[in-house]
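A.B. asks: Here are the chains, one letter per residue:
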Amino acid sequence: MNDHDLANILMVDDQPGKLMSYEAILGTLGENLIKARSAREALDQLLRNDIAVVLMDVSMPEIDGFELAEMMRQHPRFQKTAIIFISAVHLTDVDRIKGYRSGAVDYISVPVIPELLRAKVSVFAELHRKNRQLERLNSELEKRVEERTAQLRENEDLLRERAELLELATEAIIVRDMNGALLYWNAGAEALYGWKREEVLGKSVHQLLQTRFPTEYGLIQSELAKTCQWEGNLIQFTRHGHEVVVACRKALKADGKAVLEINRDITAQLKAEDALRKSERLAAMGRVAGIIAHEINNPLEAITNTFYLLRDHPSLDEEARYYAKLGEEELLRVAHITRQTLGFYRESRHPVQVSISGLLDEILELQMRRVEFSNIHLEKHYRSTGTIQGFPVELKQVFLNLIGNAAQAMPDGGTLRLHVFKPQGKRTRTGAVCISICDTGTGIEPENVKHLFEPFFTTKSTKGTGLGLWISKGIIQKYGGSIRFRSLSLAGRRVTCFQVILPDVDLQEIKDHSFASMTVPLEDMAGGAIGV
Amino acid sequence: MAFDSITILVVDDEKIPRMLRCLILQKHGYRTVAAESGEEALKLLANGGIDLVLSDQMMPGITGTELIRAVKASSPDIPVILISGVNEIPADASCADCFVSKAGGPELLFKAVEEVLAAHGHIC
Chain A
1 MNDHDLANIL MVDDQPGKLM SYEAILGTLG ENLIKARSAR EALDQLLRND
51 IAVVLMDVSM PEIDGFELAE MMRQHPRFQK TAIIFISAVH LTDVDRIKGY
101 RSGAVDYISV PVIPELLRAK VSVFAELHRK NRQLERLNSE LEKRVEERTA
151 QLRENEDLLR ERAELLELAT EAIIVRDMNG ALLYWNAGAE ALYGWKREEV
201 LGKSVHQLLQ TRFPTEYGLI QSELAKTCQW EGNLIQFTRH GHEVVVACRK
251 ALKADGKAVL EINRDITAQL KAEDALRKSE RLAAMGRVAG IIAHEINNPL
301 EAITNTFYLL RDHPSLDEEA RYYAKLGEEE LLRVAHITRQ TLGFYRESRH
351 PVQVSISGLL DEILELQMRR VEFSNIHLEK HYRSTGTIQG FPVELKQVFL
401 NLIGNAAQAM PDGGTLRLHV FKPQGKRTRT GAVCISICDT GTGIEPENVK
451 HLFEPFFTTK STKGTGLGLW ISKGIIQKYG GSIRFRSLSL AGRRVTCFQV
501 ILPDVDLQEI KDHSFASMTV PLEDMAGGAI GV
Chain B
1 MAFDSITILV VDDEKIPRML RCLILQKHGY RTVAAESGEE ALKLLANGGI
51 DLVLSDQMMP GITGTELIRA VKASSPDIPV ILISGVNEIP ADASCADCFV
101 SKAGGPELLF KAVEEVLAAH GHIC
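Heads up: the protein sequence lines correspond to chains A and B, in order.
Residue numbering for the first sequence follows this note's numbering, beginning at 1 and increasing consecutively.
Residue numbering for the second sequence follows this note's numbering, beginning at 1 and increasing consecutively.
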C-alpha cells in the first residue's frame, strides 16, 4: 500500500484522552489519522482533506455529533462521507442514526470495543479507497474515450477528405464485390457512364456496362487472383447507349473481398489517333499523287505535243489525220483525269481568285455521276459567280462535304437546291458571298443540333469520321466566314439548309495554315470514292 | 505569222519534252532557243535576244523558281512562264509571270505565252 492510497480518518471528540485512545486503537490500521477537538475543527479538516471516514462523538459542546453530521450532509462534497457515531446506546439515538437516508452511517456504543472499532473503520477506509480507485479508473476511461473519439473524428475527416479527392478524379473509380455487385461509384463514373451512384449501387457492374473484355474473363480473374492486379482496355456502354473504350486498372483488395477499378475514357484519344493515322495516310497519298502526277504529266505533255505536231502535217493523208485526231482526243481525256484527281491533294500556298459557283459545278460534275445522286433532282440558283480570294482545295472540301451530307440524307431521292448570291444586309461585308445548300432529306434530330460541329460527332456510325463539319467550320472560320443551319418541316416535307457566308478578305494576311495539314480523305468527307 | 520576231528560251533537262515543246512553239510561229539547265539558260540570256523564258520547274542544279529569280534580278523586263508536271503551283512560284501545267495541252500554253507577252507590251 503506498502513501497515495492511505485513507484519511478524521476523529472528532472534545476530550483529548478519548482521541488518544482512538488513535491507539486505529494506529495499527496504518491509515492516516487526523484529530479534531470540535465540530468546527472537524469541518475545517474536512474541507482541507479528502476524508474517508469520520469518527465522531455524539455528545460534544456547542455542536454535537448529530448537528455536525447534518451540516456535512448539506455539503455536496460530504454527502457520501462515511460517519461512525460513538455513543451510549439509547434507542432514540439509534432511531436518529437510522434516519439518515444517504451515505454510509454506522455507530459504535460505549464502551468501545477496540476490535470492533478497528473493523468498522477499516471497512469504511477500504470502501473509500475502492471508490477513489473506481473514480480514477472512470476518469481515465473517460479520458481514453475522449481521446479515441477525437481520433475517430480525425480518421473520419481523413476518410471524408479522401472520398472527396476520389470525387475529384476524372477517372471512373468503381469498387465491386467478388460477385460484381457495385459498392462504390464516384462522380467520375457518374459523368462517364451517365448513371447516378444511388441508381447503380448493388447492381452487377458488367451487366450494367455490358463490358466486353479483351481476353477470356476467366484469364482476367485468375491474373487478378494471382498478382492482385490487371490492366487492359475494355469496351463498355453508357446509359445512353454510347460505346466507350476505357483503359482499365483493376486491383484486388488485400482481404480478397472487393475489386477496385479505375477506368479512364480513351475513346476520343483513340479516335484522334485514328484520325491522325488517316491524315498521315492522306499526306502520304498526297505525296504519291504528286509523284504520279509528275510521272504521268511529263510523258503526257510530250505525247500531246507530238499529236499537235502530227495534226495537219502535210505528209499525212486524210485517214492518218483522222487517227491522229482520235488519239489527240483520247489524250485530252487522260489530261482531264490527271487534272481532276491527281491535282486534288495539293495546292498553292497563295490564295487565288476562286469562283464559288464554278467550284460547286466542278464538285457537282463529279458527284452527280455517283449512284447516290441518281434519284436526286438538282436545282441551281446562281445569282453571282461568288468570286473570292481563297484556296480552292479547302473550299472544295467544305462544299463537297456539305453536298455529300445532303445527298446522304436523301437515300430515297429528293431535291438538292444550291443558291449562290451576294448578301445585301448591312452587317455583311461588301464582296461577301452567301451559299446555301438545302436538301429534302431526313433532317437533323433536335438532340443532335448542339453536337453537329463537334469533332468526332457523327450520325453515320461506321461511315463517317465525325470530322467533316468540324473541319468545314474550321476552314470557314479561317476565312472569317460563318456557317449555320436550319432543319424544319415545310408542307409535310422536311427541309434542311446549311448556309455559308464567306467574306472576300485578303488571305495573304492569314498565316495559320493548320487546316491544310489536317485535310481528311475526300472519300471520307463524302462517304464514298469519287467516281469519274 | 506575226510571232516570228519573238524568241522564247525553252529550259528543260529532259531532251525529248524540250524538243517537242520547241517544235510546237515553232509551229505556232515563235522562234525558240533551248537550254538543258538553268545554268545554260542564264548564259544564253546574257547573250541577249530572248523575249520570254519558259522553264520547267523540276531540274537538277538550278530549279525553275531559282532560275526565275535570277532572271528577274538581271533582266526584270523578260517575262517568265513556269511549267510543271505537278498539278500545283510551287510555294515560291509567285515570282513567275504565269504558271502552266503540263497536263494543260498546247492551246493553254499558247494562251499563257500570248497573255504574258501582251502584259509586257508585245503586240502580236
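Quick caveat, the hints were computed from the structure, so don't treat them as lab data.
Since the model is a prediction, treat every value here as computed from it, not as a measurement.
Backbone N, C-alpha and C define an ideal beta-carbon position, used for all residues, glycine too.
Do not rely on the hints blindly, as some may be mistaken.
[Stated by the list, open to error] Pairs of lysine-lysine, DSS-like flavour, derived with a Cα cap of 27 Å: (1) A:K253 <-> A:K196; (2) B:K72 <-> A:K325; (3) A:K143 <-> A:K18; (4) A:K325 <-> B:K111; (5) A:K253 <-> A:K325; (6) B:K27 <-> A:K325.
[What the hints assert, rightly or not] Example chain B residues on the side facing chain A (calculated, C-beta under 10 Å, incomplete): (7) R31; (8) G49; (9) A103.
A.B. asks: All hints are to be evaluated individually against the structure, with a verdict given for each.
C.D. replies: Going through the hints against the structure:
1. A:K253 <-> A:K196: holds, 24 Å
2. B:K72 <-> A:K325: Not OK: B:K72 and A:K325 at ~40 Å, beyond 27 Å, violated.
3. A:K143 <-> A:K18: violated, 45 Å
4. A:K325 <-> B:K111: Roughly 21 Å between the alpha carbons, so the hint for A:K325 and B:K111 holds.
5. A:K253 <-> A:K325: violated, 84 Å
6. B:K27 <-> A:K325: Judged against 27 Å, a Cα distance of about 17 Å means the pair holds.
7. R31: With a minimum Cβ separation of about 17 Å from chain A (threshold 10 Å), the hint on B:R31 is violated.
8. G49: violated, 24 Å
9. A103: holds, 4 Å
This entry does not satisfy hints 2, 3, 5, 7 and 8, going by the numbered hints stated previously.
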